[in-house]
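*Asks:* Each chain, letter by letter, is given below.
Protein chains: 2
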Amino acid sequence: MTELRGPVRIVGTGLIGTSIGLALARLGVVVEVVDADPDNALMAERIGAGTRLVQLEPQLVVVAVPPDHVGAVITEQLEQTDAVVTDAASVKGKPLADAKALTAASGRTADLARYVGSHPMAGSERNGPLAGRADLFEGATWAITPHETSDPDATELVRRLAEACGARTVELSVPDHDLAVARVSHLPQLMSSLAAGTLVDAPAEHLELSGQGVRDVTRIAAGDPGLWTQIVAANSPALSGLLEQIRDELDRLLIALSKEETDDEVTAVLRRGVSGAVRVPGKHGTPHIELVTVLVTIPDRPGQLARLFADAAASGANVEDLRIDHSPGRPVGEVELAVKPASVDQLVEVLTERGWVVHR
Amino acid sequence: MTELRGPVRIVGTGLIGTSIGLALARLGVVVEVVDADPDNALMAERIGAGTRLVQLEPQLVVVAVPPDHVGAVITEQLEQTDAVVTDAASVKGKPLADAKALTAASGRTADLARYVGSHPMAGSERNGPLAGRADLFEGATWAITPHETSDPDATELVRRLAEACGARTVELSVPDHDLAVARVSHLPQLMSSLAAGTLVDAPAEHLELSGQGVRDVTRIAAGDPGLWTQIVAANSPALSGLLEQIRDELDRLLIALSKEETDDEVTAVLRRGVSGAVRVPGKHGTPHIELVTVLVTIPDRPGQLARLFADAAASGANVEDLRIDHSPGRPVGEVELAVKPASVDQLVEVLTERGWVVHR
Chain B
1 MTELRGPVRI
11 VGTGLIGTSI
21 GLALARLGVV
31 VEVVDADPDN
41 ALMAERIGAG
51 TRLVQLEPQL
61 VVVAVPPDHV
71 GAVITEQLEQ
81 TDAVVTDAAS
91 VKGKPLADAK
101 ALTAASGRTA
111 DLARYVGSHP
121 MAGSERNGPL
131 AGRADLFEGA
141 TWAITPHETS
151 DPDATELVRR
161 LAEACGARTV
171 ELSVPDHDLA
181 VARVSHLPQL
191 MSSLAAGTLV
201 DAPAEHLELS
211 GQGVRDVTRI
221 AAGDPGLWTQ
231 IVAANSPALS
241 GLLEQIRDEL
251 DRLLIALSKE
261 ETDDEVTAVL
271 RRGVSGAVRV
281 PGKHGTPHIE
291 LVTVLVTIPD
301 RPGQLARLFA
311 DAAASGANVE
321 DLRIDHSPGR
331 PVGEVELAVK
341 PASVDQLVEV
351 LTERGWVVHR
Chain U
1 MTELRGPVRI
11 VGTGLIGTSI
21 GLALARLGVV
31 VEVVDADPDN
41 ALMAERIGAG
51 TRLVQLEPQL
61 VVVAVPPDHV
71 GAVITEQLEQ
81 TDAVVTDAAS
91 VKGKPLADAK
101 ALTAASGRTA
111 DLARYVGSHP
121 MAGSERNGPL
131 AGRADLFEGA
141 TWAITPHETS
151 DPDATELVRR
161 LAEACGARTV
171 ELSVPDHDLA
181 VARVSHLPQL
191 MSSLAAGTLV
201 DAPAEHLELS
211 GQGVRDVTRI
221 AAGDPGLWTQ
231 IVAANSPALS
241 GLLEQIRDEL
251 DRLLIALSKE
261 ETDDEVTAVL
271 RRGVSGAVRV
281 PGKHGTPHIE
291 LVTVLVTIPD
301 RPGQLARLFA
311 DAAASGANVE
321 DLRIDHSPGR
331 PVGEVELAVK
341 PASVDQLVEV
351 LTERGWVVHR
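Each protein sequence line maps, in turn, to chains B and U. So for the first sequence, the working numbering puts the first residue at 1; every next one is plus one. So for the second sequence, the working numbering puts the first residue at 1; every next one is plus one.
Hints listed in this document are in silico derivations from the structure and should not be mistaken for laboratory results. Because the structure is a prediction, the values reported are computed rather than measured. Quick reminder that beta carbons are idealized off the backbone N, C-alpha and C, glycines included. Only true hints are included.
Stretch by stretch, here's where chain U covers chain B in the computed footprint (C-beta under 8 Å, at least three residues):
#1 131–137
#2 189–202
#3 213–226
#4 269–280
Okay, chain B solo, but in the shape it has when bound (with noise of 0.2 Å):
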């Protein structure tokens, strides 16, 4: 059995790299920590999540370097180690490709056994080391992309580092990891850019009618166009093809839509998008379906929400989601609350008891 005992060399101490050698560090695996910028190395070090030298051997190293430079840096530490390479880019044939051209050429293939992709899928709109965290990748998902020659222990070595950091982890082929993360991320990426992209000319009094669909679609839209630039980049054989996929489907709504034909093409893709939008998995990965909302008027002070919630909690509900409404101009505020079907009618009598203005 494949036992994760160190020392782990961590490549890049950004957030995912900082953050895994705070998880390692804690269960007293011994990290090394490197990173082209020294200021980034000494940091990670002083907020404990390794060491900037280790004298043995690692057993493991993991690549957390930006996208661009991913392949490079495996091919360079299955070079200099006789450790098991992982990576964390969030886009797999990419490294791999550039993996196999570069130990091809110094006619070092036999090294990509030791190499077995990964992708832990958490994060954050922070960057840096100080915003490493210890419990990222808690009960967070975390692919696992061997390829043809992975050698077994190595991914089994890969698959301890996961669990050592407390994630669930899923194996998948390179293929369909990227093609998976295509659709569940970088496509929504790109979509919510496009959307957001026809408000920058918009008159302001224009923009006084948004409300909550159009604050949800446009959020991660304000992503980081450096970082989202390499990771199109690097997966855009996956994303070429959804993106023909919506672009045959724009075709056909805008002659829908000339020929005052719409409604069988429009209801089509609306009820297509219907189908799609409830598989998306809710918190726990269960469908949000199974959970029932009740809306919740707040004046809008200190103290509201704790009453709120403190008032849901005596109905021994559990809030499994909220959402505050926060339409423009609005002196009161609106709260939803979303719980299992069987804690719904005890929270709305208990909250209307205690005051509360429900609406089921």
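With chain B held as given, fit chain U onto it using these hints.
*Replies:* Relative to the frame of chain B, chain U by itself:
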């Protein structure tokens, strides 16, 4: 000065019509409710939104029927009464065009002076009279859209209606309104539906990699296809221009991706997205960029949110927005609290003192 005295006739007792009735009845205005479905009118009457038969001539008629029927019902009401007539449809060009054609056909074009369109920007996933609420429009935006021959007194009366319901009015021309809602509502809806549509055929293991981004982008795709088909069809001229813009950007993206010269084109789309996203007003119309967020790890059991918000309130911070991260399978949850920058230090200090794991 034009006063709203009543009686007000409401045609269509769905969520919007019933809520207007409840808001007016609360102020002592006499309200008559009319619905093609007598059960709906009866329910609206039972919950206090008005009475089904009023002997007096109405001062104002509010048409709150499904989008496809609005123009015809406006015309009918202009012919049957001497009242000011408004409607609550979410697209304004088509009802006006329909009413123009119908009044011209019967030689009663002059009646149109008594018609002023309006659009209360509130709603819910709930439908029907029982979902009605007197406070539905409290603080919401209500667009008023007079056309070229609208009588200024009629416009003023419709403004009084919106104010009586507690809304904030924005006056826009009919074409301007329709372009605005195409931008901030109808296009985001279609983009959400198109993105969600790509998930229909995805293997279940692909969906396991879903995070908060795809949940946000696809949330509104779950909306009612029947209603949205009518809205999209009614606003096709304004929507077509925006959809063409998106299609052209998609074409450029696809060419760039196929040439592996992605960076400039992709970065341009992503940057434009950032510029658009930050223009979407947040709570109280302030850009969300002015708020600072902190992350708090929270055990997933009843009462924890109550304890968290009590502690947050004790710090004096007003939580302006919040979000629960519900990644599948996480045994602990994560709550993102957004507060004004001036409150954040005190909030973090108090929460940390009280044992919370807080990340800035």
